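Participant: Heads up: the sequence shown at position 430 corresponds to 430 in full-length UniProt numbering, and the numbers run straight through without jumps.
It cannot be assumed that every hint is accurate.
[Claimed, not checked] With a cut-off of at most 16 Å between alpha-carbon atoms, the simulated EDC-like pairs for lysine to aspartate or glutamate come out as follows:
| no. | residue 1 | residue 2 |
| --- | --- | --- |
| 1 | Lys395 | Asp435 |
| 2 | Lys558 | Asp541 |
| 3 | Lys271 | Asp239 |
| 4 | Lys558 | Asp527 |
| 5 | Lys248 | Glu276 |
| 6 | Lys248 | Glu263 |
| 7 | Lys558 | Asp533 |
| 8 | Lys558 | Glu485 |
| 9 | Lys395 | Glu437 |
| 10 | Lys271 | Asp231 |
| 11 | Lys271 | Glu295 |
| 12 | Lys558 | Glu486 |
| 13 | Lys558 | Glu582 |
[To be verified] Between beta-carbon pairs, the in silico distance windows are:
| no. | residue 1 | residue 2 | range |
| --- | --- | --- | --- |
| 14 | Ala305 | Ala267 | 21 to 29 Å |
| 15 | Ala631 | Leu321 | 40 to 48 Å |
| 16 | Phe309 | Gln115 | 52 to 60 Å |
| 17 | Ala221 | Ala450 | 46 to 54 Å |
| 18 | Asn588 | Arg509 | 53 to 61 Å |
| 19 | Gly513 | Gln369 | 19 to 27 Å |
| 20 | Asn306 | Asn588 | 32 to 40 Å |
| 21 | Gly538 | Gln369 | 24 to 32 Å |
Don't read these hints as lab results, they were simulated from the structure. All of these numbers come straight from a predicted model, not from anything done at the bench. We put the beta carbon where it would ideally sit given N, CA and C, even for glycine.
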Amino acid sequence: MTSPLGKSWPRSCWPMLFVLALSCLPGAHAKAFGDAAIRDYTQQILAGEELPHPGLLFSHHPAMPWLEKAWMRPRLAELDDGEVERFISRHRERPFASDFRREWLLALGRAERWQAFRRHYRGERDQALQCLAMRGRLARSDKDQVLDQAAALWLTGRNLPADCDPLFRQARQVGIITDFMVAERYRLALRNDNLALAERLAPDVGTEAVRRVTRLRAIRAQPRTVITAIDPASAPAQDREDLLAAIKRLARRAPREARQSWEQALADGLKTSDREAFLLTRRLALEAARQHLPEAEQWLSESSANDGFIRAWRIRNALRLEDWEAVLAAIDSHPDDDSRQWQYWRARALEQLGRNKAALAIYQRLGRQQDYYGLLASKRTGEIPRPSLRPIEVKPSELDSLSETAELQLARTLLTLDWPQAARQEWRNAVAQRDREGRCQAAVLAAQWAWNSEAVITAARAGCRGDMVVDYPLAFAEWLQPAAEELSLDSAWAWSIMRAESLFMPDARSHVGALGLMQLMPATARDVARELDLPLNGTQDILQPEQNVRLGTGYLRKMLDRFDDHPLVATAAYNAGPHRAESWLPENGHLDGDIWAEIIPFQETRRYIRRVMRHSIGYDLRLDNGEGALARRLRPVGRTLPQLACNALEPGTTENSSGEGDSKGQDTGIC
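Produce the entire structure from the sequences given, and follow the hints as far as they go.
Facilitator: Here it is, written out as structure tokens:
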């Protein structure tokens, strides 16, 4: 498609061409042409093209402040500082003002425009700006005082901005940063576990420091080598610490081998403090439990009963073994802990031990609040799990008034221009000024505009969760629904995955590089595209919503095929990877789905599963999926899965006087 501004025309002709084109078009077409031209204009700015000032082309467009900002950014070091200052002053209420001012000061400092920098720097507590300010003062020959301040900034175990490096080099050259201070920062880096910084400093500290960071790197990468290299009987204090650190590191990969190394070191004469022994024993026990080793319970019992992590993993280990007496004992060892998580598992243990009346009372209490454990509790009693619904009362006059405000109209315009981050900033800045009722109405407005991420976030921040349309939008249904049907996917589950992954933001990018609505890693996206015979040309294709949904649902189908069509295991695999999910499957027999989800080693994955399963119930209600959907998703997990069989715990169930019933060890609740 030809660019609205035309690639074959000289840049100097653009203003005339633009005005001429607009004059020939009716209003709606002119706006569409204008928006397309703005998209093209901004794309070319980002590509480094030399373009005329946007005021020549788009002076009356509501997005003009953002256009002007985009045009200024690559030119900040060269522009007249009065022009930039006036722009910032004119738009000081815009959400970008503070960050843009910082960018400008950084550009001035890095270009060594010290006079302009000094005029506009206000002493901000920003390390990069502080260093640039000191460099500017050096240019005026305030040498000794500035370098003394630089030396004080130097003494930290954290990384500092690259803007500080010229200062530090000069202070080092003239001896203000002394050898002692270099060694001190090296020690601070080690104390802060900043091995990369310590490695950079070590050559200036000396050969012993280089050996030290080499040893520390070996502890992380090759702990076995370190363990075998140290004689426990004659080890000096530092070697003894390194030996313990290497055993702890090895425990993450091989707890049994680490335990053997620990016991052998003790037998060979290793001396440790009670504190060191406690911490190492604790680490070994927790890793054994996370890796589901048979020795886990014995090792856990050797650690402190008052340790919250130890207690949690004693409960999880007992759940894995389906030792309900041990589950109950571990929970009851801390009667003051009434968290919903452990109350649910207390009820499960009571139920399995035949104490159904006591179990039912807990289930019913938990079921009044429909979080993850409340939904599980409702499932156990045979009730249909439902999210708590509190529809927002729609006020048409207030919605009309909101929709016409300049700030929210600007946010919507930016969204249509494919500037989602700018749109979100404008929206959140404007909505934050409203009272609670106004924010709740804004959530409804965002839902009406199909701006689903802002609808959900605005409602949550305003405390008006529970509106079915706002909380569980059928986002991108035009692509998700056909894909779900084609691939035989549970669409409520697929929407819940999308909600958990990106909260419906097509431009979402994670810190590890996952992209788009379904948060796909590029390598995964390429693999799925190849299997589905879909064309894929780089990051922008992955971020494109239709493509991202197609690839994400394709990957969900792939996980289901790998794990016997089990949504729970596929959910874990989607979050943590299929190899990990496979390693977590029971070696023999099966475990109830709620148990398996609870004993997953990764806290992030446990929390992810809770979110997905909780939201899937909301989507079940939205899609009118009927009963039993959660039971199917949480059916028993194993390498060979049993048939689903469900028996609800009835309110009239009683327990005998001994507290033990015929149902001990049997699952009397709904599956």
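Participant: Take the hints in turn and mark each one as holding or not.
Facilitator: So, going through the hints one by one against the coordinates:
{"no.": "1", "hint": "Lys395 to Asp435", "in the structure": "holds (15 Å)"}
{"no.": "2", "hint": "Lys558 to Asp541", "in the structure": "violated (20 Å)"}
{"no.": "3", "hint": "Lys271 to Asp239", "in the structure": "holds (12 Å)"}
{"no.": "4", "hint": "Lys558 to Asp527", "in the structure": "holds (11 Å)"}
{"no.": "5", "hint": "Lys248 to Glu276", "in the structure": "holds (11 Å)"}
{"no.": "6", "hint": "Lys248 to Glu263", "in the structure": "holds (13 Å)"}
{"no.": "7", "hint": "Lys558 to Asp533", "in the structure": "holds (14 Å)"}
{"no.": "8", "hint": "Lys558 to Glu485", "in the structure": "holds (15 Å)"}
{"no.": "9", "hint": "Lys395 to Glu437", "in the structure": "holds (10 Å)"}
{"no.": "10", "hint": "Lys271 to Asp231", "in the structure": "holds (12 Å)"}
{"no.": "11", "hint": "Lys271 to Glu295", "in the structure": "violated (25 Å)"}
{"no.": "12", "hint": "Lys558 to Glu486", "in the structure": "holds (13 Å)"}
{"no.": "13", "hint": "Lys558 to Glu582", "in the structure": "holds (14 Å)"}
{"no.": "14", "hint": "Ala305 to Ala267: 21 to 29 Å", "in the structure": "holds (27 Å)"}
{"no.": "15", "hint": "Ala631 to Leu321: 40 to 48 Å", "in the structure": "violated (24 Å)"}
{"no.": "16", "hint": "Phe309 to Gln115: 52 to 60 Å", "in the structure": "holds (57 Å)"}
{"no.": "17", "hint": "Ala221 to Ala450: 46 to 54 Å", "in the structure": "holds (49 Å)"}
{"no.": "18", "hint": "Asn588 to Arg509: 53 to 61 Å", "in the structure": "violated (41 Å)"}
{"no.": "19", "hint": "Gly513 to Gln369: 19 to 27 Å", "in the structure": "violated (37 Å)"}
{"no.": "20", "hint": "Asn306 to Asn588: 32 to 40 Å", "in the structure": "holds (34 Å)"}
{"no.": "21", "hint": "Gly538 to Gln369: 24 to 32 Å", "in the structure": "violated (46 Å)"}
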